[in-house]
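Going down the list, the sequences are from chains A and B.
Going by my numbering, 156 is the number at position 156 of the first sequence; the sequence numbering is gapless.
When you read off a place in the second sequence, starting at 1, and then add 782, the result is the number in my numbering.
Treat the hints as calculated values from the structure; they're not laboratory data.
Just so you know, not all the hints are guaranteed correct.
For lysine to aspartate or glutamate, the following EDC-like pairs were computed, each having C-alpha atoms within a straight-line distance of at most 16 angstroms [claimed, not checked]:
| no. | chain 1 | residue 1 | chain 2 | residue 2 |
| --- | --- | --- | --- | --- |
| 1 | B | K839 | A | D170 |
| 2 | A | K630 | B | E838 |
| 3 | A | K28 | B | E945 |
| 4 | A | K664 | A | E732 |
| 5 | B | K788 | A | E712 |
| 6 | A | K70 | B | D813 |
| 7 | A | K631 | B | D813 |
| 8 | A | K664 | A | D707 |
| 9 | A | K28 | B | D813 |
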Amino acid sequence: MNILEKIKSSITYCDGGAGTLLQSWGLKAGEYPEMWNITRPEKIVEMHRLYLEAGAQIITSCTFGANRLKFINLEEIVTAAIKNAKTACSGYDAFVALDIGPTGKMLEPLGDLNFEEAVSIFSETIKIGAAAGADLVLIETMNDSLEAKAAVLAAKESCDLPVFITCVYDETKKLMTGADPASMIAMLEGLGVDALGINCSLGPGQMLEIVPEFVKNASVPVIVNPNAGLPRSENGKTVFDVDAAEFSDIMCEIVKAGATIIGGCCGTTPLHIAKTVEKTKNLPFILPEKKNNTVISSYTHAVKIGEKPVIIGERINPTGKKLFKEALRKNDINYILSEGLAQNKKGVSVLDVNVGLPEIDEPEMMVSVIKALQGVIDLPLQIDTVDPVAMERAMRIYNGKPLVNSVSGKEDSMKAVFPLIKKYGGVVIAVTLDEGGIPDTAEGRVEIAKKIIARAAEYGIGENDIIVDPLAMAVSSDGNSANVTLEAVKILHGMGIITSLGVSNISFGLPSRPDVNAVFYTMAMQNGLDCAIINPFSVEMMKAWHCFTALTGKDENCTDYIEFASALSPAESASAAKNDKSLDGCIISGLKEQAGMAAAEMLKTASPLEIIDTMIIPALNTVGKGFEEKKVYLPQLLMSAQAAKEAFDAIKAAIPAGESKKGKIVIATVKGDIHDIGKNIVKVLLENYGYDVFDLGKDVEPQKIVDTVIKENIRLAGLSALMTTTVPAMEETIKLLRKAAPECRVMVGGAVMTAEYAEMIGADSYGTDAMAAVRYAETVFN
Amino acid sequence: MTQIIKLQAAEINIDPKEVAVYLGYYSVKPDEAADALMCDCAEEFRNCASFIACCEKVPVKIKNGVDLGFMKVNSKSLEKNLAGCDYAYIMAATTGIDAHRLIERNSVISPLKGVVTDCVGSAAIEAFCDKLNSSFENAEYLRPRFSPGYGDLPLECQRNIVEFLQTKKNIGMSLTDSLMMVPVKSVTAIIGIGKEKNKCTGPGCMICKKTDCPYR
């Protein structure tokens, strides 16, 4: 019987803790247990034997920390570890699991470990372990969902062994980085793991409370490996507070709750396992049922589609948006992030991400945007692209189970997209068109949907991972188009198929489009539409959604509706307030809304340039001077900067085309540095003063800065570094700039910088604060 | 044995005065608008943060450098700080990844909100460490916290501390290659356990040569 047959036929027992046992045999604090595979193999074999004697059937190799970041002789260690485990298992009906622990580093965008680098680190260990003869890969103690994904992908790409994974949840039932069990299960089952669950950190009692979450959501066997309670120090020795008797009693409850692969983690001993085996071996064996839900997830939570209509925010998309296109060309990720945050605030459940623009590198941009979005927004994302390369790269680094837009009934499309859905896990939107075009009957579209679902099944993709979009077409050019789409939604819904629509196409060519869209959206929801890509800033659409969910009993006590409606009431809106301050007064006082209104008011009698020269710049100068003289403080300076920005935005549209900005400046936080608060302050002030700022973000490769300088013909670069450890990267950037663009001036700043330091690394100017950067820019460009 | 300690947000007092100092108001009271923003950001931070720390007591030997068992380091300033101590606590504390994300998110919303939240975070992690230290056994015997980067104690020591305390596993904190801590509002430190009460004469961050530092 192989391991996969075993876990489907009876309760399977893992082993328990290693650390406590090895320490009692002389492993010193700070000494790596993995080294004992080579230096004291007999002890490792003995430990495995004790667990086998206790009844364990899965023996984990002593390779928890074995990766190339820690060991130079990785191959020797991992090969020896598997050999030790196999030696111990001879004569027993047991399996050897290659144990894979976390790297100890945090992945991008929060940390600096690149996703592909993480995959490569895990792959190296896994290839060695598989070659040495492991029976399965057990990835464990993962407390970051993205790292867990990297490890599973590595296992899938490096060997054909079954993959089990357990992660660490805390008392709040979440991973350290925020994921709940439902989101982890969605992602991991999407990636094709064979069993999943929880280990470490908690004792069995606390884990018992989490097990139902697993059983409710999982379709594969559930693993539970608790600690022996909490550790405490007794006479200099570490002891755990749950003994074998209590542990095994609770393990019985855990099995009754639905876990079928059980063992122990820190502090558990062969006795804990032996007692557990004894007490649970005759309990009923119940595997989780296959769930067939349509679920997508982010790094914190899962979204189940098919219950309440789900809104997918459409605004991260350059189509028809001048500012968005401009942001993409300038690599202005912050602009894109703020579009995402604004939609999040409006209550969308999913964000569509489309960054396709002919002149940009779409795969590269897609990866940057998804990484950045994952750093600040916890909503699931819809990867929206027709480029299979961009789609794959985005799916790889996506921290969860994504929604993918889209596949069609065309053979080429299915051939390109389905392998990706199968490999990375995802729910895909299937649009009902094929080589023959878009059928003009509902039945014709349903036929294509059926064809797509059948082809997906050949790839092993379930119907629950397909959402059909029967396509909304302009009613202005075909009076029957709404009827056809609505009918198709109804038929598909009746067949139990999940549906989605890009709603706004329906009104193309008509006046008052939001009204048409909102009524169509309501009709579609009534016919069973499960999700829709809409503009959440459209009040009409949000009204339709809120009213519909309230009226159909999907908004308990109408709570959301009431909150939404009360926010809509025009009561004391700011726009009604009288503004009696002059524009410069508003800027100096940092009054954002009033500054915008005052600028708009002035525009009636003055030209934009007059407003800038006589009001905005002098006001900024007053505040800036106050800041330099230490009479005005940073928050006030920034409040004024924001007010000035609001004023600029109000008059921007009236600035004649071709009216060029003062000059181009590139700013970046250097390679290795992940903090950019200071740089962002510099950016807002420079923009206030009319400079065209190219913000490359943080942790920026020197070459990228140089490339931007050359491509945009930039005369001033601003570099920021927070720590002494990143100053060398700053120096390298300056060296490269000097060589490639000697005419470009360089100003530097940041917590560790000093004038001497700046001079030493060859900068032209050192700025103590953001105003200093403005002053230096003035000398460069005037 | 490494101990893990979690505190509730309600137990951490984020001092508005402290936040104001980080924002540059050294001796001046912030105006109403700035004050209101500081309070909002502090509230938001408190709701996101998870205050978690780990620490372990180690023996101290000072002879040709400082020997803490898990690492040996040559540092005159640490030697001075730990003089007369037989033991020290090695600690790492963080305000958690959600707080890190909040700072990132607020910086996208506006640089002002970003910088205020960042300063709130600095005040919060300091307050957390103070609270932690006062809860340690024999708190009144403790020397001032001494962190890598203080005086001549190399920043590279962070790696040893992070590895020794298994901070990624225990509290979700890790280091980048350039020795930055993630989550951003985190602290690692060595705290000597003296033999006499309140004899906290050893230098803490005051040993720094940057005598014009506003935080002194």
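Taking the hints in turn, this is what the structure says about them:
1. Distance restraint check for B/K839 and A/D170: the Cα-Cα separation of roughly 25 angstroms exceeds the 16 angstroms cut-off, and the hinted pair is therefore not satisfied.
2. At roughly 44 angstroms between alpha-carbon atoms, A/K630 and B/E838 are farther apart than 16 angstroms, so this suggested pair is violated.
3. Restraint check for A/K28 and B/E945: the C-alpha separation of about 14 angstroms stays at or below 16 angstroms, so the hint holds.
4. Restraint check for A/K664 and A/E732: the C-alpha separation of about 22 angstroms exceeds 16 angstroms, so the hint is violated.
5. Restraint check for B/K788 and A/E712: not satisfied, since their Cα atoms lie roughly 50 angstroms apart, outside the 16 angstroms limit.
6. For the proposed pair A/K70 and B/D813, the alpha carbon gap of about 52 angstroms is over 16 angstroms, so the pair is violated.
7. A threshold of 16 angstroms between alpha carbons decides the hint, and for A/K631 with B/D813 the separation of about 12 angstroms falls inside it, so the pair holds.
8. Taking the CA atoms of A/K664 and A/D707, the gap is about 14 angstroms. The hint holds against a cut of 16 angstroms.
9. Under the criterion of a C-alpha separation no larger than 16 angstroms, the hint pairing A/K28 with B/D813 is inconsistent with the structure, at around 56 angstroms.
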